[in-house]
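Asker: One letter stands for each residue in the lines below.
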Amino acid sequence: MIKKIVLFTLFLFNVQVNAQNQISIQYEYAHNLMKTRQYFDAITEFKRTLFFDIDKQYSYSANYSIGECYKAGAMLDNAIQYFSIAQYNARTDDEKISAQLEIIKTNILRRTTERAHQILNEIEKISSINKDSVNYWRGWAFIFNDEWKEAANSFAKINPNHELKKLAEQVDMDKVSVTFAKVISYILPGSGQIYSGSILPGLISLGWNLLSGYWTVSAFNESRVFDGSVLLGLIWLRFYRGNIQNAGDFAVQKNNEISNKALRYLQHEYKGNRP
Amino acid sequence: MNNYFSNHFLNSINFYQTKVLAIILFLLPFSTILFSQTMNIDENYFSPKNRLAFGNFLFIQEDYLRAIEEYKNYLMYIDNDTVRFKYAESFYRIGKYNEAADNFKSIFYGSLLSDEAKLAFYKASFFNGSYNSFRDICKMEGYQSEKYAKDINRLFLISHLMDESILPDTNHFLKAFPDSTKNKVRELYMMKKFPSKKNPTTAMLLSMFIPGAGKIYTGEISDGITALLTTGVLAYLAANNFKHEHNFRGWLFAGLAVFSYAGTVYGSYASAQIYNAGVRLNFDNEVKLYFEKRNYLLPKINFLKTND
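Those protein sequences? They're chains V and E, same order as listed.
Take 1 as the starting number for the first sequence in the working numbering and just add one per residue.
Take 1 as the starting number for the second sequence in the working numbering and just add one per residue.
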């Protein structure tokens, strides 16, 4: 009788082991496709793994990997969807945090930084979380939202000499003030453009304002009031207002150039973790 | 003697049991197959049966691109018209209308889904973009479905609202639509037949006589008034400067006045064209929105939602 029980147990065990082997082979196959960057096929095979995985042993890892594949293919909405499913199926705190960090990183790439901050604030309350990690990704979220000063503060919490802290500080220092550019253009037309580094457009703007101002003043001096009023309204004020608007636009453009240069460095040359 | 016999007997049993055990252990690896067969578990995830199950799962998940691959592999081994239909439908849902139409065609004959396939074929041809070709297909014999003849005819008529083709007779057109939609369809039909277009030449001539009048004609009232004032003021400034012998400024404003006048005349012509394009675009959008919301008045095919 005992022998029969042992044999039957062996039989069942064999069936179970074989089924498990099959699903693990399937998972490995999908994983290899992902490693060789065949993301479309990898997603199919991970989905197949999930479909046949009756014991739900790959519910976390397969969904997580699908998220990674979608992220690599820049399908960020889908990536977030699958990272969220992975988070829901996480069996340990580490797995849950890992999925949440991926959701944060994908939100940063998607430029939905508000949501990234929201999740960072939530996971910061978890005792087991590495605070440096939270501050690091918070810094990145600030960078992608063009808030370099706040980014520098976040990185400084990790290390006052953090490479990204220095970079963010430098970018913040290099950026020009849009308000200041506009204000000085109120006082001296063209000066805002010159302040933003666009010297020739600044001088042209100054020239147009001087010329139209001269025409307007001379018309009034010669008692041609209607002539002067039309010149003032249609020509001079138009150049004057345009100069202020232009000064703001040039400042914004200059700031964009500085930010983009820093982002290009982060994308191509920075060796640390990136979203 | 008894002891000898009992020992011999026990030894023979042990020998027998060891043999059985060896055979069982040898056969154990095959037990999975036997067990799988008896329990109806197919561990080959790429078998036709499993491909179909997975394909249906993907179809329900609206992952049509991957469902296509699974159905394709299934159909390499087993011919099944429901799967063929789903295969074609997957192409349709990802906007590959040519492939969808070709695959629907393969179920036209000798299938219980023949009528549904014909309807789906016309639907795919309709959305393919060329309404002329669609109408040509509608006239072809052999593709007709008795069951869905009315629906296909309605689609044929709707296609006339989507392009520049000549509209069929009003009564014939409206007769095909159910009473609940007749009023709106009549409205769309009239809008198509008598569009409220503006003549670009008229707009241009009006602006030649009174700068900006052409723009007012095309409905751009504020632009028209601004054009009139700008041209007028510039002409006055030119005249005034010439009068006071400021010749440079006189020529400058005269040049600007001519530029403004020419711009207004050309602008009026363009404005009429833009107006007409807007009328056409709004009409197209309205037709699409109305019929899309009602699935082009086509019946829904229910079996697609199931796992069959």
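These are computed hints drawn from the structure, not numbers from a lab.
A virtual CB, placed ideally from N, CA and C, is assigned to each residue, including glycine.
Each hint should be verified, as a subset may be incorrect.
Claimed, not checked - 30 Å max Cα-Cα, derived DSBU-like pairs, lysine-lysine:
1. E/288 with E/96
2. E/197 with E/293
3. V/56 with E/49
4. E/175 with V/35
5. E/72 with V/35
6. E/197 with V/56
7. V/254 with V/175
8. E/175 with E/150
9. V/96 with V/131
10. E/293 with E/96
11. V/131 with V/182
12. V/165 with V/149
Said to hold, decoys possible - Short derived list, chain V residues pointing at chain E, Cβ under 10 Å:
13. 26
14. 125
15. 126
16. 129
17. 130
18. 131
19. 221
20. 230
Claimed, not checked - If the Cβ cut is set under 10 Å, some of the chain V residues that face chain E in the computed set are:
21. 33
22. 37
23. 40
24. 43
25. 44
26. 47
27. 48
28. 52
29. 145
30. 146
31. 215
32. 217
33. 220
34. 222
35. 226
Asker: Against this structure, judge whether each hint is valid.
Answerer: Here's how the hints hold up against the structure:
no., hint, verdict
1, E/288 with E/96, "holds (19 Å)"
2, E/197 with E/293, "holds (27 Å)"
3, V/56 with E/49, "holds (21 Å)"
4, E/175 with V/35, "violated (61 Å)"
5, E/72 with V/35, "holds (26 Å)"
6, E/197 with V/56, "violated (64 Å)"
7, V/254 with V/175, "holds (7 Å)"
8, E/175 with E/150, "holds (11 Å)"
9, V/96 with V/131, "holds (16 Å)"
10, E/293 with E/96, "holds (21 Å)"
11, V/131 with V/182, "violated (41 Å)"
12, V/165 with V/149, "holds (9 Å)"
13, 26, "holds (6 Å)"
14, 125, "violated (34 Å)"
15, 126, "violated (32 Å)"
16, 129, "violated (33 Å)"
17, 130, "violated (35 Å)"
18, 131, "violated (38 Å)"
19, 221, "violated (13 Å)"
20, 230, "holds (6 Å)"
21, 33, "violated (13 Å)"
22, 37, "violated (18 Å)"
23, 40, "holds (8 Å)"
24, 43, "holds (8 Å)"
25, 44, "holds (5 Å)"
26, 47, "holds (7 Å)"
27, 48, "holds (6 Å)"
28, 52, "holds (5 Å)"
29, 145, "violated (33 Å)"
30, 146, "violated (36 Å)"
31, 215, "holds (7 Å)"
32, 217, "violated (14 Å)"
33, 220, "violated (14 Å)"
34, 222, "holds (8 Å)"
35, 226, "holds (8 Å)"
Checked against the numbered hints above, the structure violates hints 4, 6, 11, 14, 15, 16, 17, 18, 19, 21, 22, 29, 30, 32 and 33; every other hint is satisfied.
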